[in-house]
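Peer 1: Spelled out, the chains give:
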Amino acid sequence: DGGITQSPKYLFRKEGQNVTLSCEQNLNHDAMYWYRQDPGQGLRLIYYSQIVNDFQKGDIAEGYSVSREKKESFPLTVTSAQKNPTAFYLCASSTASHHDDSPDTQYFGPGTRLTVL
Amino acid sequence: AQTVTQSQPEMSVQEAETVTLSCTYDTSESNYYLFWYKQPPSRQMILVIRQEAYKQQNATENRFSVNFQKAAKSFSLKISDSQLGDTAMYFCAFPTSGSRLTFGEGTQLTVNP
Numbered sequence: 093d094g095g096i097t098q099s100p101k102y103l104f105r106k107e108g109q110n111v112t113l114s115c116e117q118n119l120n121h122d123a124m125y126w127y128r129q130d131p132g133q134g135l136r137l138i139y140y141s142q143i144v145n146d147f148q149k150g151d152i153a154e155g156y157s158v159s160r161e162k163k164e165s166f167p168l169t170v171t172s173a174q175k176n177p178t179a180f181y182l183c184a185s186s187t188a189s190h191h192d193d194s195p196d197t198q199y200f201g202p203g204t205r206l207t208v209l
Numbered sequence: 005a006q007t008v009t010q011s012q013p014e015m016s017v018q019e020a021e022t023v024t025l026s027c028t029y030d031t032s033e034s035n036y037y038l039f040w041y042k043q044p045p046s047r048q049m050i051l052v053i054r055q056e057a058y059k060q061q062n063a064t065e066n067r068f069s070v071n072f073q074k075a076a077k078s079f080s081l082k083i084s085d086s087q088l089g090d091t092a093m094y095f096c097a098f099p100t101s102g103s104r105l106t107f108g109e110g111t112q113l114t115v116n117p
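Protein chains in written order, with the numbering used here: chain F, 93 to 209; chain P, 5 to 117.
Since the hints were derived computationally from the structure, they do not count as laboratory data. Mixed in with the good hints, there may be bad ones.
To be verified - With beta-carbon atoms standing in for the labels, derived distance ranges:
1. F:G155 with P:Y58: 31 to 41 angstroms
2. F:R136 with P:L88: 24 to 34 angstroms
3. F:G108 with P:S84: 49 to 59 angstroms
4. F:P131 with P:T22: 25 to 35 angstroms
5. F:G108 with P:T24: 40 to 50 angstroms
6. F:G108 with P:N66: 41 to 51 angstroms
7. F:S99 with P:T9: 27 to 37 angstroms
8. F:S99 with P:L51: 20 to 30 angstroms
9. F:A173 with P:T22: 46 to 56 angstroms
10. F:Y102 with P:N66: 26 to 36 angstroms
11. F:D122 with P:N35: 14 to 24 angstroms
12. F:E107 with P:N116: 38 to 48 angstroms
13. F:T171 with P:E19: 43 to 53 angstroms
A quick note: this is a predicted structure, and the numbers were derived from the prediction, not measured. Glycine included, each C-beta is placed from N, C-alpha and C at the ideal position.
So that you can see chain P by itself, here it is in the shape it has in the complex (with noise of 0.2 angstroms):
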């Protein structure tokens, strides 16, 4: 079975900060996709980075980036110089059959002033 596991519920911290968020799969596939989602109080889901398998550089998109540990089965999330905006609900997501998408449980990060 292909699964998503975050482990952190909840996480904290301050402004201007890194935190990094965790997220590890299991999947027997070769060439996959993930996918970093962002869901604040909105409730809207933002994607905010994705990460080919098959790539070995890490995927950056301006103050998010991913460590992707392709044998550990690891994609955690960094964000740096952390602002109020960032504080959301974090999920990790995985494609499974076909184009569906596996979530994880989510991680709720709060930015603190």
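So here's chain F without its partners, still in its complex pose (with noise of 0.2 angstroms):
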């Protein structure tokens, strides 16, 4: 089945450790994106890339970092500069195009919670 996975679904950090968590998807989209969800709140965007080997900062991409060498794949990295990186995390991926009968819809995977110890 084509969908969007997350791994781990729960993640355990000690102070000054860099984590990554991963996001894969199998449907051929272009673009893929990285939010944060704090508690009661809505999603704010990290980093996003509309093309391999090409990303750039969302609005809170400070102590964060990613990496986009295949289509399919696009790691992120919280490091140890993120000063409050417990929160649920949730990739997402879309087509980008505007040729498309659904242009910039977002699909998203199930997400990773980050607990710092």
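Hints given; two lone chains; assemble the complex.
Peer 2: The following block contains the structure:
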């Protein structure tokens, strides 16, 4: 089945450690996104990528890094510079094509819950 | 600046009744799409419905429909025959630059038996 997978579902990190969250999609989508969600709040964009080997900062990129070496994969690293990383992280993808019949429709993975101990 | 506003942090409805969630947005674009997403307790974000701004006809997906008022920049979601499984956080979303989406703060809907 086509879809977006995120792993792990739960992740615990000690202060000062870097951790990497995985996001993989087999929808053949060009664009991928990372969002952060804090309790009772909406989604905030961390990074996004519209094409392989290229990505742009979102609204809250400080303390995070990404790579896009393959179309299917868009891992997010939460670095020790991120002061308050405990949150729910959602990955999404879209066709990013204005010729598609559903342009810009983003489809989401199940999320990763990161807790800093 | 392009913004999305959901003015109802929480709403409740009795099972089988109808409820409407509101969303307003601000844009200078003339052609765009609008989206409603649902986030149940599992926290998976699920697309509920999308509306194309250049279409005058309101979008409908089974029990879900929108009331799109382009001039007023209003995009409300109507849920008919509410079911317990509709209990979730609902987010209105609007594309900004490129393929980015801006999300509202969400409305927590509770369906009571």
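Peer 1: For each hint, tell me whether it holds in the structure or not.
Peer 2: Here's how the hints hold up against the structure:
no.: 1; hint: F:G155 with P:Y58: 31 to 41 angstroms; result: 40 angstroms, holds
no.: 2; hint: F:R136 with P:L88: 24 to 34 angstroms; result: 30 angstroms, holds
no.: 3; hint: F:G108 with P:S84: 49 to 59 angstroms; result: 52 angstroms, holds
no.: 4; hint: F:P131 with P:T22: 25 to 35 angstroms; result: 29 angstroms, holds
no.: 5; hint: F:G108 with P:T24: 40 to 50 angstroms; result: 48 angstroms, holds
no.: 6; hint: F:G108 with P:N66: 41 to 51 angstroms; result: 49 angstroms, holds
no.: 7; hint: F:S99 with P:T9: 27 to 37 angstroms; result: 34 angstroms, holds
no.: 8; hint: F:S99 with P:L51: 20 to 30 angstroms; result: 22 angstroms, holds
no.: 9; hint: F:A173 with P:T22: 46 to 56 angstroms; result: 48 angstroms, holds
no.: 10; hint: F:Y102 with P:N66: 26 to 36 angstroms; result: 33 angstroms, holds
no.: 11; hint: F:D122 with P:N35: 14 to 24 angstroms; result: 20 angstroms, holds
no.: 12; hint: F:E107 with P:N116: 38 to 48 angstroms; result: 42 angstroms, holds
no.: 13; hint: F:T171 with P:E19: 43 to 53 angstroms; result: 47 angstroms, holds
Checked against the numbered hints given earlier, the structure satisfies every one of them.
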